[in-house]
Structures are given as C-alpha cells and as structure tokens.
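Chains as they are written, first to last, in the working numbering: chain A, 1 to 467; chain B, 1 to 253.
A portion of the hints provided could be inaccurate.
Facing chain A, from chain B, some residues (calculated, C-beta under 8 Å) [unchecked claim]:
1. Ser110
2. Ala113
3. Ser180
4. Gly181
No lab work stands behind these hints, which were simulated from the structure alone. Quick reminder that beta carbons are idealized off the backbone N, C-alpha and C, glycines included.
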Amino acid sequence: MRPAPRSELLAGWGRAAPTAAGVVRPRTCAEVEEIVAEGGARRGGHRLARGLGRSYGDAAQCGGGVVLDCTALDAILELDEREGRLRAEAGASLDSLLKVLVPRGFFVPVTPGTRFVTLGGAIASDVHGKNHHVDGSLGAYVEHLRLVTASGSVSCGGGEHEEELAATLGGMGLTGVITEATLRLLPITTSRMIVDTERAPDLDACMSLLSEEQGRYHYSVAWIDALATGRRLGRAVLTRGDHAVVSDLPAGGGDPLAYEARQRFSVPLPPPVSLLNPLSVAAFNEMWFRKAPRRRLGKLESIAAFFHPLDGVGRWNVLYGPRGFTQYQFVVPFGAEAAVRTVLERLSAARVASFLAVLKCFGPAGSGHLSFPSEGWTLALDIPLGGSGLSELLDGLDTVVAEAGGRIYLSKDGRLRPELVPSMYPRLDEWTAVCRRLDPDGVFSSDLGRRLGLGGAAGAGRRGEAA
Amino acid sequence: MIDATGMPQSAVVVGGSSDIARETLRILAGRRLRSVLLAGRDAGSLEAVAAELRTLGVTSAETARLDVSEVGGLDAFAAEAARRLGEIDLVIVAAGDLGTAVIDELDADSVAANIVTNFAGPAAVTLALAHVLRAQGCGRIVILSSVAGMRVRAARLVYGSAKAGLDGFALGLCDALEGSGVDVMVVRPGFVRTKMTEGLEAAPLSVDAPAVAQAIVRGLETGAAVVWVPGALRPIFGVLRLVPRALWRRLPG
C-alpha cells in the first residue's frame, strides 16, 4: 500500500511563492506509473515530478495537485566503465553520482553550479555548465530516457521517440516523469582542476577575454561585481580551467582520483530579515574582487571548489530572508553585447543587491525544444524580492532581452511576462504539439506552466473546469 | 498564478466597484492581471469598471451580481467564481457601507443590517472563497478592514464595531490557513476620501483611494500580513488604544 499524499508547502530555491500540494514519494517506477495513471484534469488531479528543489522559481511546484518526490528513485542501474556510460534512476543526485564516478575516473559531462540536483531535474532543465561553449548542454549526452507520460511509459532515444526526447530535454517536467536516464560520461585521470584566474577591470575587458579565448579552456566563466558602476561597470574575475592530468599533480600526493566534497557549514536558522542588502553585498563584492589575484595561472583546485563553490555552505538561500529571491538569467546572441551592458547598468543603478553575477559564453543550442542555452552571452544574477519597483524593473529588462533576440531561463524564472514566451522560445509550438499528443488533458502541470501558459492543456481548458 | 514578485494573474473582487478596489485593479492590470471577476450589487458600475480594465489589458473582465448580505448564496458564488476564472490568485473583499452612527437614527434592524454588510457578509464570502483557494493550494486574500475597528468611536459606532469583528476574523483566518499556501492580508486604512465617505469631513491623515491601492500592491510585493494606510497610523493607534476613555470620547475627528 502506498501512503496517501501528505500536504506540504513547496517552494523553489528562491523561496518566493510557495504553494501547497500533496506529496508522494514513489520507490519504484511501477509506483510512478500508478500515481500518474490516477491523475486527471480535475482539481487535485495534476501531477508533477520534483527532485531536490533547486529550480529557483516555481518549476517544481504544483499547487493543489500531487507532486512526486523522485529522490527515492536513486539507484545506479549500470555503469559501463569501458564505454563510459551510466544508466541510473532519475532521482539520483549528481552529488551521489560524483562520489561513485570520480574515483573510477569519470565525470558528469555537464554540471550546473550545484551538485545537489537530481539527474531527472537536470535533464528537465537541460542544464548547462562552464563548458557549454565547448560541450553544449546536458541533453547532448543523454542517450536514452525512460519517461512516464500521461499516456503510458515511453522509452526515448537511440532512434526511438526522438520527438518526445527533444520535448523532455529542457521540458520543465511537463512531458512526464523521467524515471531513468542513460548518460555518456567524461573520462578523467585526476579529481583536480588546473585553473587560471584573471581580473578584468570592466565589462569590455571581461567580454573580450571571454570571447577571444573561446575554446582555449574547457571550462570558463566570469564572476561580475554587479554593484560596480561607471568606469568599473562589469569588473570581473575570470576563472577558467581544465581537468588536470596526473603529470600536473605534485609527486607523492596520493590517489589522483581521490574525491572529497563536503559541506563546511550550513545556515542553521532562516534569519527574520534579509542579511543581504546593498551594503553587505557591496562590502563582500569589494573584498572578493580585491582578494582575487590579478593573474594567476595553473592553480590546482578540487572539483567541488571549482564547480560547486556555493555547495560549501548549506541552505545559503535562506540568507535572503523570508521574502526570498529570484535569479535573473538570460542569454542574448553574440552581437547583442549592448543588451548585456544595459541590463548590468540598470541593475547596478537600481542598487539591486546581488552577490556576484555570472557571465559566460554559450555555444550552439542543443536539441531540446525548450532548452535554454543558445549561442551568445548569458548573464545570471541573484536578486532579493520585495523591493519597490522590482516588478517593473525586471519587466523592462525582459524587453531588452527579447528585443535583442534573447530569452529568459525558465528554471530560474518566477516572474516572466507570459506574452514573451513564444518569441523567446521559437520552438514552443513543436513542444506544445508533443505535449498535446502525450497529455491532451493536461495531467502534467506546474505552477510555472500555469503561470506562463505552458503544457498540453494550455489554452484548451483551465484547471477546475472539469471538476 | 501569483508570481515571485507577488503579482496575481486573476482576481475575484467582492465590492468590485469600490474606489479602492478599482484603483488596485488598475495598478495590477499594468502588471500581470489578465482575468477578473467583479462582484457587487450595482451591475452598472461593475460593468464600467470591467470595461476600463479591458482597455488596460485585462483579457477577461466579467461581472456577477452579489449581495453579501444574502449569506445563503455565497458558497454557490465561490464555486461559480472558481469555474469562471479557472484559478483564483487574488481575492479582494472590499464590500462595505458606512451607514449612520447617529444614535437617534439607529434601530435594531439597521444595526443588524449594517453588521451583516460590513462583517457577517464579508466574513462569510471570504470563508467560502478561502475554501476554493485551499483546494488550489495557493492564493492571496486581501480584506479591507479600517482603523475605525481598532478602537470603536461613537462617531463610527456600528461600522467601527463591524470592522473590528472583520479585522479579528481576518487575522484569525490567516492563522487558520497557515501551511495551506493561502495568505491573508489585512488592510487598515484611516479616513479615505471615496464615494463611501463623500460629504463627511475628512479626518486627520486622510488619504485617497489611489494611495490605499498603492499600499495594497506594495503589501502584495512584500508579503505583508497587515498594512496600515498611511503607515503613520500604526504607531498612532498603538497610543490611541491606550488613551483613557474619558479622553478618547472627547477626541475630535
């Protein structure tokens, strides 16, 4: 007997707009199929998969519906070390996978800035990493998926159901529940990164460093001080690196593949007010910029320090206080550098406190219909909510991004104007057609989907009408 | 859905032609508001508000006749609202009537009727809609209280005591809905220069309806549980509540 859904208040990583849903924690794929089959378009009949809740906005929430907490589906099903291929259940976290993979000489082909995401969640967001300019997004490495849709289980990949696969990569969980995935892995010989760090005094310098040396590094990103204005607008610290090989390591340093990723500290209690305000963040950013070396080459860093620095502090998201925060991430094509500058100018002028903003170059887009990355510049900034005029400020930035031919990352979004989605995601119609075919009644639904009008039942009928 | 900045896409407004509700909807229409159901007694003025909202970008602005004093029909109204809007992000309860406070003009019927209009009816319709929101797992309820309910004066005898009841109900409901995804915001304006107060002499610190609307929208953005308009009334009433009665009954305004 499965336990009945337990009502829980669910929010995204930004803790902004929580809604209540019934939560179930399936332990097998068969249970997932049962729970999905019990769904229907009536009130309370919506279904949605959730992983570790690291989407910033409302992508993994389904108010009034049933949310499948997939984290119990975390088994590694097959590890082919000869071919470098992993088959695992979709609720497995990258954290748990890396603990197994790195000591065996493999790395995930793409990792976002946190390893506390599930494989399924990473695929549904088609996550990118610091290597997008070289390697593309995670979807490029997904060979096979098992997907529980509203009309039954589908096995996608290897020439079968490729359309469903393309709709699911970056599909925000609205095509169904991903229960397992097969991933091509990256072979590595050490668990260290060899990293070059360099300061850039302003935005132009930062962008030319990033774009001129595209491809020289496997991984590359710039951390921008989003509070710097005027001459220093866009001042940045670039960190770029590659996987170290054994000869890069000092002799006698022990196992070159030893992997350690620990959380040093966790925020014990949510503070009653935000601790991150323009003053504290400006002080932090100043210190951080001055602390960075002007130029330092070839420093060895651990995988955790290079890829997942924020994972060192548990629950850092509560520092933004009870009202929460959002992350504003967009991409604009190369040639639209002025749009990046405008966004930075407006945000720094508004003194919207943000820890470091992240700027990087994307390579060509992948195959996912709603996949976010596309060739150009991407900028991501954390913004605390509750500020006066924030809604209009961000709406204005959306216009800048849309007019530059860019788009907003749905996994970070909590507030985009729905009217802008079709122009930002030109393959939306293709995606919607697949959703309609798989899920004509709109069993799969999320707060994000309802807010933006996405999904199989979008426009066809609203929630509750069949009640 | 309510977005991360607190802005709703759909709203049900009880007392939909009230000046405060109308000004609030005007601001929200410029943000994310796309479907509205305006309920109230006067079909003509509701339709006028609906027409204006349509020109401001609201794609579906409908009206419904509702008299909150007819308590028997309120559950049916809530179900109808849910059906027509699909999903209700925001409920604004702005129905109210100042009535008279001249002791000579008051009788048992008028006192009971005023309390139904200002307290029993609004509380009942709020509860009916709260059940819809609970089933959705999300939504925000904004209840128009008044500083008149903070300490009842002879000059607002019935209205003030009804608002005191409604204010208490709203705060209690907020606690009762904890964990359900549904939030309640209590708005306590001072003297607001509106249709309802036309002809009355404005009290100190009086405000107009757009100022109250701005404070409501600000409250939605910040997630406030209680909003005083103007904000200075909060400390003032902190003191006024403690003023000895002999002095209280002599205060002007």
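So, going through the hints one by one against the coordinates:
no. : hint   : result
1   : Ser110 : violated, 40 Å
2   : Ala113 : violated, 34 Å
3   : Ser180 : holds, 5 Å
4   : Gly181 : holds, 4 Å
Checked against the numbered hints above, the structure breaks hints 1 and 2 and satisfies the rest.
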